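Enquirer: The listed protein sequences correspond, in order, to chains A and B.
Adding 27 to a residue's 1-based position in the first sequence gives its number in the numbering used here.
Adding 6 to a residue's 1-based position in the second sequence gives its number in the numbering used here.
Watch out, some of these pointers could steer you wrong.
Unchecked claim - Computed footprint of chain A on chain B, listed as stretches where at least three residues anywhere in the stretch have a Cβ under 8 Å from a Cβ of chain A:
| no. | segment |
| --- | --- |
| 1 | 17-29 |
| 2 | 40-46 |
| 3 | 53-66 |
Just so you know, these hints were derived from the structure itself, not from any lab.
On a predicted model such as this, the values are computed, not experimentally measured, just so you know.
Just so it is clear, CB atoms sit at the ideal spot from N, CA and C, and this is done for glycine as well.
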Amino acid sequence: MSAAPVAAELRVALAGNPNVGKTSLFNELTGSRHKVGNYAGVTVETREGAVAARWQPTRSVTVVDLPGTYSLTPVSEDEAVAFRCLHGDEGPPPDLIVLVVDAANLARNLYLAMQLCELGRPLVLALNMMDVAAEAGVPVDAAALSRALGLPVLPTVARTGEGIAALVQEICRFGQVPWDMAEVRGRLFGTPLPAGLAALPPARARWLVAAQASETLGLTGATAEERAALAGVDAGELRALAAALVIGRYAEVDRALAQIGHRGGERAPAMDHSARIDRVLTHRVWGLLIFLVVMALLFQSIFAWAEPLMGVIEAAIAWLSGQVKAGLGPGLFTDLLSEGVIAGVGNVLVFVPQIALLFLFIGLLEDTGYMARAAFLIDRLMARVGLHGKAFVPLLSGFACAIPAILGTRTISGFRDRLVTIMMIPFMSCSARLPVYVLLISALFDGEARVGPFTQASLVLLAMYVLSTVSALAVGAIYKRTLLRSPTPALVLELPPYRLPRVRNTLLQVYDRTADFVRDAGTVILAMTVVLWALLSFPRPPEAVRAGDPVELVAALESPIEHSLGGQFGKLIEPALTPMGQDFRMGVAIVGSFAAREVFVSTLGLVYGIEADDEDNQPLRQALREAKAADGRPRYSPLSGLALMVFFVYACQCMSTLAVVRRETRSWRWPLLMFVSMTALAYAMAVGVFQVGRLLGY
Amino acid sequence: MVTVADAGGGGLTLRLLEMGFVPGTVVTLVKRAPFGDPLEFQVRGCHISLRAAEASCVRTEPA
Chain A
28 MSAAPVAAEL
38 RVALAGNPNV
48 GKTSLFNELT
58 GSRHKVGNYA
68 GVTVETREGA
78 VAARWQPTRS
88 VTVVDLPGTY
98 SLTPVSEDEA
108 VAFRCLHGDE
118 GPPPDLIVLV
128 VDAANLARNL
138 YLAMQLCELG
148 RPLVLALNMM
158 DVAAEAGVPV
168 DAAALSRALG
178 LPVLPTVART
188 GEGIAALVQE
198 ICRFGQVPWD
208 MAEVRGRLFG
218 TPLPAGLAAL
228 PPARARWLVA
238 AQASETLGLT
248 GATAEERAAL
258 AGVDAGELRA
268 LAAALVIGRY
278 AEVDRALAQI
288 GHRGGERAPA
298 MDHSARIDRV
308 LTHRVWGLLI
318 FLVVMALLFQ
328 SIFAWAEPLM
338 GVIEAAIAWL
348 SGQVKAGLGP
358 GLFTDLLSEG
368 VIAGVGNVLV
378 FVPQIALLFL
388 FIGLLEDTGY
398 MARAAFLIDR
408 LMARVGLHGK
418 AFVPLLSGFA
428 CAIPAILGTR
438 TISGFRDRLV
448 TIMMIPFMSC
458 SARLPVYVLL
468 ISALFDGEAR
478 VGPFTQASLV
488 LLAMYVLSTV
498 SALAVGAIYK
508 RTLLRSPTPA
518 LVLELPPYRL
528 PRVRNTLLQV
538 YDRTADFVRD
548 AGTVILAMTV
558 VLWALLSFPR
568 PPEAVRAGDP
578 VELVAALESP
588 IEHSLGGQFG
598 KLIEPALTPM
608 GQDFRMGVAI
618 VGSFAAREVF
628 VSTLGLVYGI
638 EADDEDNQPL
648 RQALREAKAA
658 DGRPRYSPLS
668 GLALMVFFVY
678 ACQCMSTLAV
688 VRRETRSWRW
698 PLLMFVSMTA
708 LAYAMAVGVF
718 QVGRLLGY
Chain B
7 MVTVADAGGG
17 GLTLRLLEMG
27 FVPGTVVTLV
37 KRAPFGDPLE
47 FQVRGCHISL
57 RAAEASCVRT
67 EPA
């Protein structure tokens with residue numbers, strides 16, 4: 028028989044439990060950079076990549092990274108995506124499935140192997156973390172396991188790359204080796220199905236039974252015929268059948284483990300070390316204290332560590348702008364370049380150190396396994412809102428950026444719970460707000476003032492984060508009790524072993540995420556800055572000003588921007604801004620920031636850049652601090668800064684967020700509600716802060 | 007403690023079964039979270055956190 032052409036591309040799907048090093052293996056295999064997490068559900072979307080040349084594949088192999096799941100039963104969209112992809116419900120099924128299992132935890136990990144076995148597709152087991160298993164005193168005999176299961180088993184250590192070459196060789200030999208899982212499959216299919224379902228493909232029939240029993244049929248895309256067949260089965264019988272299927276799979280796991288003489292099924296050898304750490308980290312007193320200290324440290328360090336780097340970037344941008352001005356001479360194009368392009372991008376770049384630090388912290392929390400502990404510690408509070416501890420991770424990710432956070436809610440089962448979390452996320456203080464807070468705090472608050480060991484500035488920043496968090500939780504509780512009423516979802520959360528983060532992976536992740544931010548800044552913000560520069564520059568001041576009419580000139584020096592379109596619009600809305608302590612200049616910047624928050628800083632830079640033509644190189648914060656109102660008093664006070672920051676805590680000023688929410692909820696209703704309600708709330712809160720502050724005499 | 011069977015039915019039961027709380031399995035209570043809830047269990051070689059309300063779905067008897 029002539030073999031299939033060797034050149035034919037092989038599609039391999041990578042499946043496995045969360046926290047087994049699946050994403051690490053994917054990165055090693057493909058040589059590409061991806062997020063490696065240590066928390067259930069970090070990999071939400073399926074990713075693809077070609078096997079890297081360094082492994083010398085003898086044919087072209089594409090690897091698809093599936094979401095990490097404990098089973099294929101559609102409890103949330105993750106499992107549904109994984110099953111549909113493997114079963115070939117969406118596009119052609121993969122030629123081969125590589126299941127990554129944690130060698131130190133076979134008793135639970137092999138459950139998924141049984142479900143994959145039912146699919147009847149060629150399957151290879153990558154026995155990952157062999158080093159951990161050996162250290163924990165539960166070495167696994169790969170050859171024996173291979174015989175017990177009837178499929179190839181290859182030991183790997185994804186962290187070091189050990190065993191991957193052999194795995195690639197095995198993958199490339201696909202089609203030349205017989206795959207025999209018939210024995211195991213025969214036993215798994217021993218549990219008979221009701222007559223109505225027997226005509227369906229066996230794996231799909233079992234999948235639908237589980238979906239029907241757990242009332243998640245909506246995730247399966249079941250056809251009308253399938254639904255009819257399921258409806259024909261008594262509900263109690265169906266639930267008993269679904270349970271029997273699970274029990275049968277575990278019996279098969281136990282059989283295989285007994286056959287290879289594996290011990291440590293009930294013990295958690297990989298957790299020995301972690302349990303000792305947890306004695307402190309999830310302790311009722313120390314655990315909570317450490318949790319608070321970790322969070323406080325995060326905010327303090329964002330300020331303290333980033334400062335020197337920010338200074339360097341500021342100086343570089345000022346130098347570049349000066350060079351352009353000197354080199355090109357005065358003119359419209361020079362203004363466009365220095366005040367639009369360079370100033371705009373520079374105002375964003377300057378915050379890169381802080382954003383990178385924030386991502387570094389979040390990355391380390393994810394990779395070490397502390398994130399799951401945080402969910403464990405905080406679940407009681409989340410449950411009070413009516414949410415799962417798991418919602419904590421998307422919400423915390425919301426501190427970095429709402430876009431990945433909203434995508435991360437796919438791990439939350441139950442559409443209503445997911446929607447509640449999505450509606451909460453934009454309240455979390457994302458990194459794009461950070462530049463605004465930092466600018467206003469450092470411009471308007473005393474940098475030297477201290478309260479205890481902390482500076483006043485960092486405490487104001489912390490207050491903004493606390494306010495946003497409390498507001499998000501309150502909003503969640505309100506949605507959960509009104510529009511999106513539903514019972515509190517169950518918490519079934521694994522506390523994975525603590526692991527040292529791979530520094531390279533974490534740094535690459537920081538780089539990727541920060542580069543994402545800069546890329547956004549480079550496109551959206553650059554475009555916005557240039558457009559806004561035009562809006563704020565045209566129409567030009569009347570000829571009389573340039574001709575030097577003394578009266579007009581004085582007025583023009585006061586604020587030439589008032590002649591521009593942007594200035595006119597800012598003036599138009601100024602009456603609405605006065606109650607929250609802002610003037611039309613802030614109004615222009617706020618209007619600009621509705622495209623994306625980070626635009627606020629560059630717009631403000633533009634506003635003041637145009638105003639203070641001679642002091643172009645001076646940092647923006649200096650300009651804000653020294654700006655004087657008509658009566659000679661400072662134009663902005665700490666109170667007006669506070670009101671503006673509160674506005675930014677609440678306002679939904681991010682077009683990308685709205686677009687993602689529309690995509691995830693498949694309707695304009697929710698993004699529209701989000702935008703209108705958040706903006707109204709932001710205005711009300713900012714006005715409230717300013718008015719109450721004034722009453723108190725600030 | 008040894009798991010006997012899951013009370014009730016539906017999604018949560020199935021989820022617990024799949025996470026290893028199958029009849030005959032030894033389950034150990036490791037600790038409670040600082041606010042008293044959720045609980046941390048050791049089952050089939052891993053540590054799983056459940057709320058008290060969910061854990062009550064798992065009927066157990068002393069080993």
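Enquirer: All hints, please: hold or fail.
Expert: The hints, checked one at a time:
no., hint, in the structure
1, 17-29, "holds (count 12)"
2, 40-46, "holds (count 6)"
3, 53-66, "holds (count 6)"
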